[in-house]
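**Student:** One-letter residues, chain by chain:
Protein chains: 2
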Amino acid sequence: MKHLFFLLTLSIINYQFSVAQNAFKVIPLGVKGGLDESNLSAYLVAPAESDNYICLDAGTIRTGIEKAKSNKLFKTTSENFLKNNLKAYLISHAHLDHVSGLVLNSVDDTVKNIYALPFTIDYLQKHYFNWKSWPNLGSDGDSPALNKYRYKFLVPAAEAQIENTALSVKPFLLSHSNHYQSTAFLLRNNDNYMLYFGDTGADEVEKSDKMEQVWKTIAPLVKEKKLKAIFLEVSFPDETADEKLYGHLNPKWFYKEMETLAKLAGKDALKELNVIITHMKPTGNNEEMIKKQVSEQNKYRLNLIFAEQGVLYNF
Amino acid sequence: MKHLFFLLTLSIINYQFSVAQNAFKVIPLGVKGGLDESNLSAYLVAPAESDNYICLDAGTIRTGIEKAKSNKLFKTTSENFLKNNLKAYLISHAHLDHVSGLVLNSVDDTVKNIYALPFTIDYLQKHYFNWKSWPNLGSDGDSPALNKYRYKFLVPAAEAQIENTALSVKPFLLSHSNHYQSTAFLLRNNDNYMLYFGDTGADEVEKSDKMEQVWKTIAPLVKEKKLKAIFLEVSFPDETADEKLYGHLNPKWFYKEMETLAKLAGKDALKELNVIITHMKPTGNNEEMIKKQVSEQNKYRLNLIFAEQGVLYNF
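Chains as they are written, first to last, in the working numbering: chain W, 1 to 315; chain Y, 1 to 315.
It is worth saying that the hints were derived from the structure and are not from the lab.
Among these hints, one or two may not hold up.
Put simply, identical chains are the same to the list, so a pair is met inside one copy or across any two.
[Said to hold, decoys possible] Simulated crosslink set (DSS-like; lysine-lysine; CA at most 27 Å straight-line):
{"hint": "1", "residue 1": "K112", "residue 2": "K291"}
{"hint": "2", "residue 1": "K126", "residue 2": "K152"}
{"hint": "3", "residue 1": "K72", "residue 2": "K267"}
{"hint": "4", "residue 1": "K225", "residue 2": "K267"}
{"hint": "5", "residue 1": "K83", "residue 2": "K244"}
{"hint": "6", "residue 1": "K263", "residue 2": "K75"}
{"hint": "7", "residue 1": "K210", "residue 2": "K112"}
{"hint": "8", "residue 1": "K25", "residue 2": "K263"}
{"hint": "9", "residue 1": "K244", "residue 2": "K112"}
{"hint": "10", "residue 1": "K75", "residue 2": "K25"}
{"hint": "11", "residue 1": "K244", "residue 2": "K148"}
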């Protein structure tokens, strides 16, 4: 009896602990939507209990790691952190502001996997790791393929385990203007989830249902509080006309998409949901305007986060 | 008689002034040989009397302009400086660490020319401005070509005027390992010259005579003190074996090339010659080692300069 009571207590403690516990560590290596070479989209993510990170997109790597180092987030050198703690890249699409840091740091990197949908791997092979833009450090493509980075072809809506980490990923196709595709990554650590969107336009503007498909998949996770954070782009302020969005969101369309999610998950489910605003393009005072506009229109009471380079976030 | 004397005095003053006068202003926007996305090869050059700059290579643009701005080198905004004061790009080769900043900043830039040898323009078209890595802002290539950047095909050893500036350029082919080509640019402002090398290996290692051809051309200018500065790369320290140089120089080979120049121009002609060491790869403590080794072996008493990002140099 005493033994049973002990087990019961333990399981209650465990349950409470798992509810309160953070599931993911995130360190942005770059947060801006273009122009500033020192701070372009790249987000390190590890399970809360681990230092084995994946990197979601890879616009800026080295400058971001140096910033994290100066913020005392790790003890080893920046070079060792890149080599040993960054276990894999997940790339949403091959626009330069999402892959430049990966390519530039590849020669000094260690063997690792690049996970992406086939169209992204195709462009990485043909236009970056091709001996013309850069030596071919990939596992395929223009000969000789030096086979440091191993291309891992993801399949839309099929979960894949990310080697050397405790994370899994399920990718979704996105529309990024004019027949260009991008990717959303749903990450899983046990029964906890995080959703990262690469560049994307709103369904209504893109004449697509790609965002809605993602919302339908993750709505139950939002309801059950298993989705710990959403990373979604807001590249331009509301002053930018729809025909000048070029496959990106502004605050108005951001909230139009949130409305779709609210309808599927229930409005109250969005309250306090962590939403990291990514990819604000730093032209003029765009960033300030976007922050103001996104904050003012926050009728769902999302926990909006304007993440900074080299800072640790726990979700 | 008094009038003649005045004219004579004036012409002597003018002559002395022109001897002492600087011919070029240089602002490095980035100086490192890879890895650090915030500080990659890019050098602004203008005639001493002008604020109309060209940019030699374009690894990092925005972060470098911001740095120059914070050093109070100009009064306008960084965005206006890019748009209005940077008049043309000259690209030595299409490796990503020499073009990333150009591509990333192109959407917010104004109409301007890109001068390069045909192999570089071919790669820019096919692998960067191709609607896959980036929208096609070039004047040719994958349709639609948005025609913001006009490709200007240079011809080896033929001088071309750089539009919207008082500068002319004569390009030379270089060997950058394994059948890859690069370019040296000889800039002219009236009767003053400056020589910029893109990435290059030493002739002996590359089994080439490309460097020697450049030295033969510019030796008379060195003798006559018309060559105001040479920008030459030293990517690795002497500990790097020849077969690991991959088309780059270390201090030993740098001085082997200087020896060729000394033989052609006379050893004394090299004394006090401004030589800017470019493209040191910032792996480990490479940069310190390269500086030490280049300084220690300086038997020609070159005026060695380890240029910094965002600082003004007058030559």
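**Student:** All the hints need checking, so say for each whether the structure fits it.
**Tutor:** Structure-based check of each hint:
Proximity of K112 to K291 under the C-alpha cut-off of 27 Å is found in neither arrangement, the shortest distances being 36 Å within a copy and 33 Å between copies. For the homomeric pair K126 and K152, the shortest alpha-carbon distances inside one copy (16 Å) and between copies (25 Å) are both at most 27 Å. For a Cα distance limit of 27 Å, the shortest separation of K72 from K267 qualifies neither inside one copy, at 39 Å, nor across copies, at 50 Å. In this homomeric assembly, K225 and K267 come within 27 Å of each other (Cα to Cα) only inside a single copy, at 13 Å, whereas the closest approach across copies is 76 Å.
Within a single copy, K83 and K244 get their C-alpha atoms only as close as 40 Å, which misses the 27 Å cut-off; across copies the closest is 20 Å, which meets it. In this assembly of identical chains, the alpha carbons of K263 and K75 never lie at most 27 Å apart, being 45 Å within a copy and 51 Å across copies at closest. Taking identical chains as interchangeable, the C-alpha atoms of K210 and K112 are never at most 27 Å apart, the minima being 30 Å within one chain and 38 Å between chains. Taking CA atoms no more than 27 Å apart as the test, K25 paired with K263 passes in neither setting, with 29 Å inside one copy and 60 Å between copies.
For the identical chains of this complex, K244 and K112 are inter-copy neighbours only, at 22 Å across copies versus 37 Å inside a copy, given an alpha-carbon limit of 27 Å. For a Cα distance limit of 27 Å, the shortest separation of K75 from K25 inside one copy, 17 Å, qualifies, whereas the shortest one across copies, 42 Å, does not. Proximity of K244 to K148 under the C-alpha cut-off of 27 Å is restricted to the inter-copy arrangement: shortest distance 17 Å between copies versus 39 Å within a copy.
This entry does not satisfy hints 1, 3, 6, 7, 8, going by the numbered hints stated previously.
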